[in-house]
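Based on the provided sequences and hints, a complete structural model is requested.
Quick mapping for you: the protein sequence lines, in order, are chains X and D.
For what it's worth, my numbering labels the leading residue of the first sequence as 1, then goes sequentially.
For what it's worth, my numbering labels the leading residue of the second sequence as 1, then goes sequentially.
Label pairs and their in silico Cβ distance ranges:
id: 1; chain 1: D; residue 1: F4; chain 2: X; residue 2: T257; range: 57 to 67 Å
id: 2; chain 1: D; residue 1: S46; chain 2: X; residue 2: K294; range: 32 to 42 Å
id: 3; chain 1: D; residue 1: K273; chain 2: X; residue 2: K6; range: 27 to 37 Å
id: 4; chain 1: D; residue 1: A7; chain 2: X; residue 2: P347; range: 38 to 48 Å
id: 5; chain 1: D; residue 1: D353; chain 2: X; residue 2: P347; range: 57 to 67 Å
id: 6; chain 1: D; residue 1: E20; chain 2: X; residue 2: H170; range: 32 to 42 Å
id: 7; chain 1: X; residue 1: T313; chain 2: D; residue 2: E136; range: 22 to 32 Å
id: 8; chain 1: X; residue 1: E351; chain 2: D; residue 2: W385; range: 54 to 64 Å
id: 9; chain 1: X; residue 1: K6; chain 2: D; residue 2: I295; range: 47 to 57 Å
id: 10; chain 1: D; residue 1: D353; chain 2: X; residue 2: T313; range: 54 to 64 Å
id: 11; chain 1: D; residue 1: G277; chain 2: X; residue 2: K6; range: 27 to 37 Å
id: 12; chain 1: D; residue 1: M117; chain 2: X; residue 2: G77; range: 31 to 41 Å
Treat the hints as calculated values from the structure; they're not laboratory data.
Glycine is no exception: its CB is placed at the ideal position from the N, C-alpha and C atoms.
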Amino acid sequence: MHLSQKNRETVDACRYCWMCRHICPLGNATGQERNTARARALGLSMVLRETETLENVIGNVYECSLCGACTKECLTGWNPVAMMLEVRCQAALEGVLPDNIRKLLNNIGKTGSIYAAQTLAPQLVKEIESLPPSADTLLFLGQHALYKNPNGAIAAIRLLKKAGVNFTVHKDEPDSGFALHFLAGAAEETRKAMQNCAKRLNDFKTVIAYEPDDAKLFLREYKEWNIAHTAEVKTWTTFLADLLDSGTLKPKKSDKTYTFQDPAALARDLDETQAARKILSACGVIREVLLHGKDTVLAGHAVMTEYLPETMTLVAENRWNDAVNTDADVLITASSAEYAALKNTQPKTIELLSLEEVLLRCCST
Amino acid sequence: MHDFLFAMFVSELEDAVGRENCSTHPIDKLTHSVDYFWLSRMWTDSGCRMPEADVVVSPKDAQEVSKILKIANYYKMPVTTWGGGGGTQGGPLPVCGGIVLDTKRMNRIWQINTESMYIECGTGAIYKHIENAANEKGYATMHYPSSLNCSTVGGFLAHRGIGVVSTKYGKIDDMVLQMEVVLPNGDIIETSPAPKHAAGPDLNQIFIGSEGTLGVMTKAQMRIYVQPETRRFRAFLFKNMSDAFKAGKEILQKFKPSVMRLYDEAETGSIIKKIIGVSKSGAFMNIALEGVADIVAVEERILLETFKHFGAEDLGSEYGEKWWKEKITFFYPGHALDLPWMFGTMDTIAPFDKIEKIYWAMKEAVETNFPMARFIAHFSHWYEWGAMIYDRFIVEEPPQDPLEALRLHNQIWNCGVRAALANGGVVNDHHGVGIKLGRLMKEQYGPAMQVFEVLKRGLDTNNIMNPLKLGF
Ligand SMILES: Cc1cc2nc3c(=O)[nH]c(=O)nc-3n(C[C@H](O)[C@H](O)[C@H](O)COP(=O)(O)OP(=O)(O)OC[C@H]3O[C@@H](n4cnc5c(N)ncnc54)[C@H](O)[C@@H]3O)c2cc1C
Ligand code: SF4
Ligand code: SF4
Chain X
1 MHLSQKNRET
11 VDACRYCWMC
21 RHICPLGNAT
31 GQERNTARAR
41 ALGLSMVLRE
51 TETLENVIGN
61 VYECSLCGAC
71 TKECLTGWNP
81 VAMMLEVRCQ
91 AALEGVLPDN
101 IRKLLNNIGK
111 TGSIYAAQTL
121 APQLVKEIES
131 LPPSADTLLF
141 LGQHALYKNP
151 NGAIAAIRLL
161 KKAGVNFTVH
171 KDEPDSGFAL
181 HFLAGAAEET
191 RKAMQNCAKR
201 LNDFKTVIAY
211 EPDDAKLFLR
221 EYKEWNIAHT
231 AEVKTWTTFL
241 ADLLDSGTLK
251 PKKSDKTYTF
261 QDPAALARDL
271 DETQAARKIL
281 SACGVIREVL
291 LHGKDTVLAG
301 HAVMTEYLPE
311 TMTLVAENRW
321 NDAVNTDADV
331 LITASSAEYA
341 ALKNTQPKTI
351 ELLSLEEVLL
361 RCCST
Chain D
1 MHDFLFAMFV
11 SELEDAVGRE
21 NCSTHPIDKL
31 THSVDYFWLS
41 RMWTDSGCRM
51 PEADVVVSPK
61 DAQEVSKILK
71 IANYYKMPVT
81 TWGGGGGTQG
91 GPLPVCGGIV
101 LDTKRMNRIW
111 QINTESMYIE
121 CGTGAIYKHI
131 ENAANEKGYA
141 TMHYPSSLNC
151 STVGGFLAHR
161 GIGVVSTKYG
171 KIDDMVLQME
181 VVLPNGDIIE
191 TSPAPKHAAG
201 PDLNQIFIGS
211 EGTLGVMTKA
221 QMRIYVQPET
231 RRFRAFLFKN
241 MSDAFKAGKE
251 ILQKFKPSVM
261 RLYDEAETGS
271 IIKKIIGVSK
281 SGAFMNIALE
291 GVADIVAVEE
301 RILLETFKHF
311 GAEDLGSEYG
321 EKWWKEKITF
331 FYPGHALDLP
341 WMFGTMDTIA
351 PFDKIEKIYW
361 AMKEAVETNF
371 PMARFIAHFS
381 HWYEWGAMIY
391 DRFIVEEPPQ
401 DPLEALRLHN
411 QIWNCGVRAA
421 LANGGVVNDH
431 HGVGIKLGRL
441 MKEQYGPAMQ
451 VFEVLKRGLD
461 TNNIMNPLKL
471 GF
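Structure (structure tokens):
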């Protein structure tokens, strides 16, 4: 297996290091030793020493959500996420991808979506068709909201309409490249998908990225890969917070208590933790979960749910325990994928809402 | 075992814990074959494979553990319990194959009892997680080992672990109230409802330190404490270790600091210099005082007076605070001792009248017999009657050949531990015994070892529990 010098060093650093195991959402949810950065690195180190095969460890590499909690926790700066991404790309090149991963990549090849979905929910189509065909601002919903969480997408559109924002949504929205990047790292196909998407973004002055994972790609990976786009990209949370700042949205504060599920892509990758809190403190009272902000714990994943559904159910259930411990009335999400995962595992004692749902409620009363 | 019989065996285990919690996949076997033991790391680094389990199971509670142990007895298969794999003595390594029983699914927090000040949890809970749970309610576990993030409640109990504020709050064996244990035959028992009783010997203390050889601890009530109103640090530089010992002993007759760490001249000049930035020579000592602010203020005054009397230079609070902030940084790759070096921590404990002698004897034994080895130490857990030595040897250029390296490693260990034993020390203070030091147990205990052996034979009639560990 070929691996860059930097990632070889990461393999060697992590394989005998136990310091970040407590933070791995997969390890904590499944209780499996293999779901730790050290175990993944140990497997890879044995592949590099030719006493194990990549086929035998690759499944474990795909059990990593790339959430970056270990990287954030690492006091000496090692980055297992970069290591996993390179290994995924290598596995694709060497033709040793697990079957379930190959199937998802084939879906993208054939339909442009990992979900192999080509039709949108009729209610969502109606909502999109109610928008002007062109505008300065694009709401980029992302694959998950389009195909798996149309209610979230509809709520987002309605909120922007309510705020009087002049915007549009693509019915044939291109793939941002997120799933390809997650599954195959820096493969040529990923680059092509990103380039194709960037071209479409360039038709707009402002792009609001509804899903944090897409926002991360637009704001970080596209730049790192020199994929130019001229539009100003804003995360959904920042855009909404700006609407509050400008007085366009004026929520009424209630005595409800909210706890916020920071999406890892926002909090860790984009260093954005305050926008959602600004919104929520205008709507009610925030009760923080112990591990929040940059220490957030993954609650759901747009791609992993497709190939590890039972595991991701455990991940969501685990995060619910943390939220319930806050005694807050409502758990608030800012990611379509996390919302869906949490909805499927919701306990009876606490409500679940997306940020747009809270704002729709608080701005209407 | 024949393939057919093995398939029958595995299907019974799957029935006990569910298919998804029973694995024969190479990745599960591999990741349970290397712990924090230097030899297991060196062996795999050299491209060799360590002994592996035949199957890895992850039960969710005592009932499932019980089923596993009954199946193991029936098939006469070894069972090695694995917590976090953070042990340094090879304790959780399945050296005879068979079953690895991973406890981490038994991580439920059953209750946080603030009336009686304990958390009841599954022993597979990572200690950091129960610390988080305590913190959420405004309390703390006060068990802060450097492996807080990675080791489990059961692992610490099994190895008699210790954390940095132990001088005030005690060792793990002081922190447990009641436990649920699955005996080797699969019976589930509970220890006495409260410790400190007079209803016969203390069952807790039979299983604490037993390293998975006498059963599997599945649930434990661990003490919690109110968060201290204040925690204040003060660092000192002593001219030599003897003065520091005398000062440490004297302060402990007056009150208990939480942190008490004395570094020998070698460690002061290396690690403390590098990470904390103290550049003077001597023996560095870091003290933390904590609790009610008014009491701490008085303790601080007494501390300054007492240490002054022994000629200590007061370095103020900054170094101590820095040390507290960086205390686990020492253990991350890049700062921690790592391959290709050979190293080991030979912690031991003794009363004050022997401890200094043991330190010099171990240092001399290691350095004279193995001139290629460096010897450094600190003294980090203190009692009114004595202290422990956290002494380490380091060989920067060990043999390349893994067998030669293993031989040298074991020779140094034999030499160092025997020097401790000869001068009134013990095989180990808080890392346990495992496969690393099993051979030395009989040397320490002599005929007293039969007490353990009778217990082992009586409880584990088929000798399936963690064979070749703890000297069994
Ligand atoms: C970076 C680092 C720093 C460390 N610092 C400290 C420190 O400051 N203080 C300290 O005390 N130790 C320290 N250690 C050592 C280690 O954390 C302890 O030895 C700890 O007790 C091991 O727990 P574990 O859960 O990792 O157990 P494992 O290594 O998995 O197992 C250890 C032993 O316990 C047995 N065992 C595990 N769970 C059970 C159970 N439920 N029932 C019965 N037997 C069981 C196993 O069979 C094995 O024999 C450190 C280790 C690391 C990696
Ligand atoms: S990321 Fe850092 S803390 Fe985690 S295993 Fe690697 S070296 Fe250790
Ligand atoms: S990136 Fe996240 S899921 Fe992957 S090993 Fe690190 S903490 Fe675990």
